[in-house]
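Colleague: Take a look at the letters that make up each chain.
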Amino acid sequence: MGVELKMPALSPTMEEGTLAKWLVKEGDSVKSGDILAEIETDKATMEFEAVDEGVIGKILVPEGTDGVKVGTAIAMLNGEGEVSSPSPLAGEGQAGTASQGEGATAASTPPPPAQPSAESPSPTRGEGQVPTPSDQQTQASPVELPKQQQQPETGTQQLVSAAAQTRTDPEVSPDTATQKLAVREALRDAMAEEMRRDERVFVIGEEVAQYQGAYKVTQGLLDEFGPRRVVDTPITEYGFAGLGSGAAMGGLRPIVEFMTFNFAMQAIDHIINSAAKTNYMSGGQMRCPIVFRGPNGAASRVAAQHSQNFGPWYASVPGLVVIAPYDAADAKGLLKAAIRSEDAVVFLENELLYGQQFDVPQVDDWMLPIGKARVMREGKDVSIVSYSIGVGLALEAAETLAGEGIAAEVIDLRTLRPLDRQAVLTSLAKTNRMVVVEEGWPTCSISSEIMAICMEEGFDDLDAPVMRVTDADVPLPYAANLEKLALIKAEDVVKAAKAVCYR
Amino acid sequence: MARSAKAQTAPEAVPLTPNRERPQQPQRYGASKEQLLDLYKQMLLIRRFEERAGQLYGLGLIGGFCHLYIGQEAVAVGLQSAMTVGKDSVITGYRDHGHMLAYGIDPKLIMAELTGRAAGISKGKGGSMHMFSVEHGFYGGHGIVGAQVSLGTGLAFKHQYSGDGGVCLSYFGDGAANQGQVYESFNMAELWKLPVIYAIENNHYAMGTSVERSASEPDFYKRGESFQIPGIQVDGMDVLAVRGAAETALEWTRSGKGPIILELKTYRYRGHSMSDPAKYRTREEVQDYRENRDPISRAEKELLGMGVAEEQLKGIDKEIKEIVVNAAKFAEDAPEPDAAELHTEVLVERY
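Sequence order for the protein chains is A and B. Each residue of the first sequence is one higher than the one before, starting from 1 at the first, in the numbering used here. Each residue of the second sequence is one higher than the one before, starting from 1001 at the first, in the numbering used here.
Just so you have them, the derived chain A footprint on chain B, three or more residues with Cβ under 8 angstroms:
1) 1122-1130
2) 1148-1155
3) 1178-1184
4) 1338-1348
What the hints contain is simulated information worked out from the structure, not anything from laboratory work. Quick reminder that beta carbons are idealized off the backbone N, C-alpha and C, glycines included.
Using the sequences provided together with the hints, build the complete structure.
Modeller: Printed below as a string of structure tokens:
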């Protein structure tokens, strides 16, 4: 009997891709390891390998097809005289439900009958790994998946789906045309525009040039600006962060990309001691206008060393500007402002948001003010303050709360330092209740800071204690269920908002 | 200190694998009488300035850490006299007073920074270890050991990027030479052929730890071999030997051949900082350097040999003393920064 070959997920956050090329045709015999097809996403092109032996039956999706959802059957593989134990699921779950877990394996095979887990996204850091047989064990499990579930049911999936549901609210006149842009495109456009405008701006980091960016944020920059201004480095974070800082002191405008901010820990000395303190230590004589940027916070299933929100760390340092945008319009407008700033800026992106699309106003030179929060949704009953990916959950929670008669106001801080205290206090004065939502640890966090501000400066406006919804105070675990438990969820925000409203 | 004793004259830097182009062994600089007089003056200014700083420290007028350059003067003067102020950049660690004076920065502004006054070059906010003069192309003054190596590599990147023809001179010590970022910088500098001179001031002690106890390869000029960066060992107690090496290094870097390492064998007479009693070395060792190898005495002898009158040298000494006394007086009399300065210059812009 035939087995469906399904559209694989090449990365933890991939939802669809292009079937660029078939390297086999119907009737070909294939064995494990043979390359069957080339799959493209906006980030990468990957080869799709066979896991099992067999003969290619029908090709269901022709090459050149765009927007093939992860998990879609793309071809049939007929077994060659192989009669293995029939899968309890072979005919049932695979055709209809397209979980990313299934997609993550290259070719479907009958699962072991007793596999209990349904949560099986097998993501890895970086761009699509060759699926391994161990992925299959959880791949077609007998547990029912929710019907529309396109994402792994993990903690990060919550964050992603919340982000996908929300709209932007750009501060422009209603007749301004907008353009749908993924966050990664918005960031790229911001860099490209500033590089066109100012010869001193250059990008440096690992895989930013020839590879087109580990997360494809710098895609196309090498072609336009050449290797002098788009510089691939060795794996040497401390070194290139220092080199960038020195170049900035000398008068250039470096954009230093960290593949993730987890690796910036190797370079944090230069960010703090060299970049942030120079202007002050020199009595204003020597500046360090540099942008350190890259993804920050939890990605998906990459566990503790690759999942951490450094917002509170950097936001505690005088001399730094720290920006953590949520949507594409803010990402673009604030990155442009960061590149033009005379100060050292830490620009915290989020991998899970890179592929999310938002409306970006089509105006020349879209710049946004650093240090200004944004009211994402107005409401009178409770303020929900957040930043970065937490804003998606806050908006989702606000929607739920609206259905229960609670009008929540959602504030996106956007800049973590200098913090827009006034926006926080103004909203508090309006609603008298506040919940802070942060995809990060609770201790010594941005949430702690917001709570302190409310205590010190907004005490008389408080009708209830400020509450916070944060990740669990643990290193982020790998197991899907534990990861889900560790990360913030919209329902927790709803619960907290109701609690401060005494409902 | 067996090693330093036998390193009386800089040995030939024998290439480990002579399979690529290397700079010529530098020649001792053939200075004219006027040129040597000028180098002598500069060294003397550093010596007297540092002695005065030590006194002011003792009086409580200078606080915190204060690292004196006494004994190492020939290095800064020999190297920087070959460079162009404003075009070539210089960056160093915390022992920075001498490097600043050798680049023509006003001693008053430096001394007033040491005493923490508003008139100091960093408005009193930086102190001994954090001083800068962008105007001169002096980029600090950095307190984190080794940081200036990556930063200096970045300055060289800037020279190359903007095609301004400049070279960066990045100083660090035998201690900093063991920091990881030094080698990260070496790798990038050679990969991209950046115009940077890595000047390793080997004064034999990283605070209290001798080179013998901390360096598996104590010949620091060889430290670039894995990166194909050539290295030259130089007698750092002879200002003309240093100047000669600077000429060779500048020629190498300016011609686009990439970085070069100079190891300058030198010695500091004082402790690591003012609070260091220097118990880790013998009185005799220090005495030997002071009496037999002092760079200023050496230049003085040479000048006398060239026919300079003793009277003239005495006159120079007086002139220098006056500059230093005035700088100290300025630094003592200048007011402290205004309290309002506490919150200024944290950021450049207002948001």
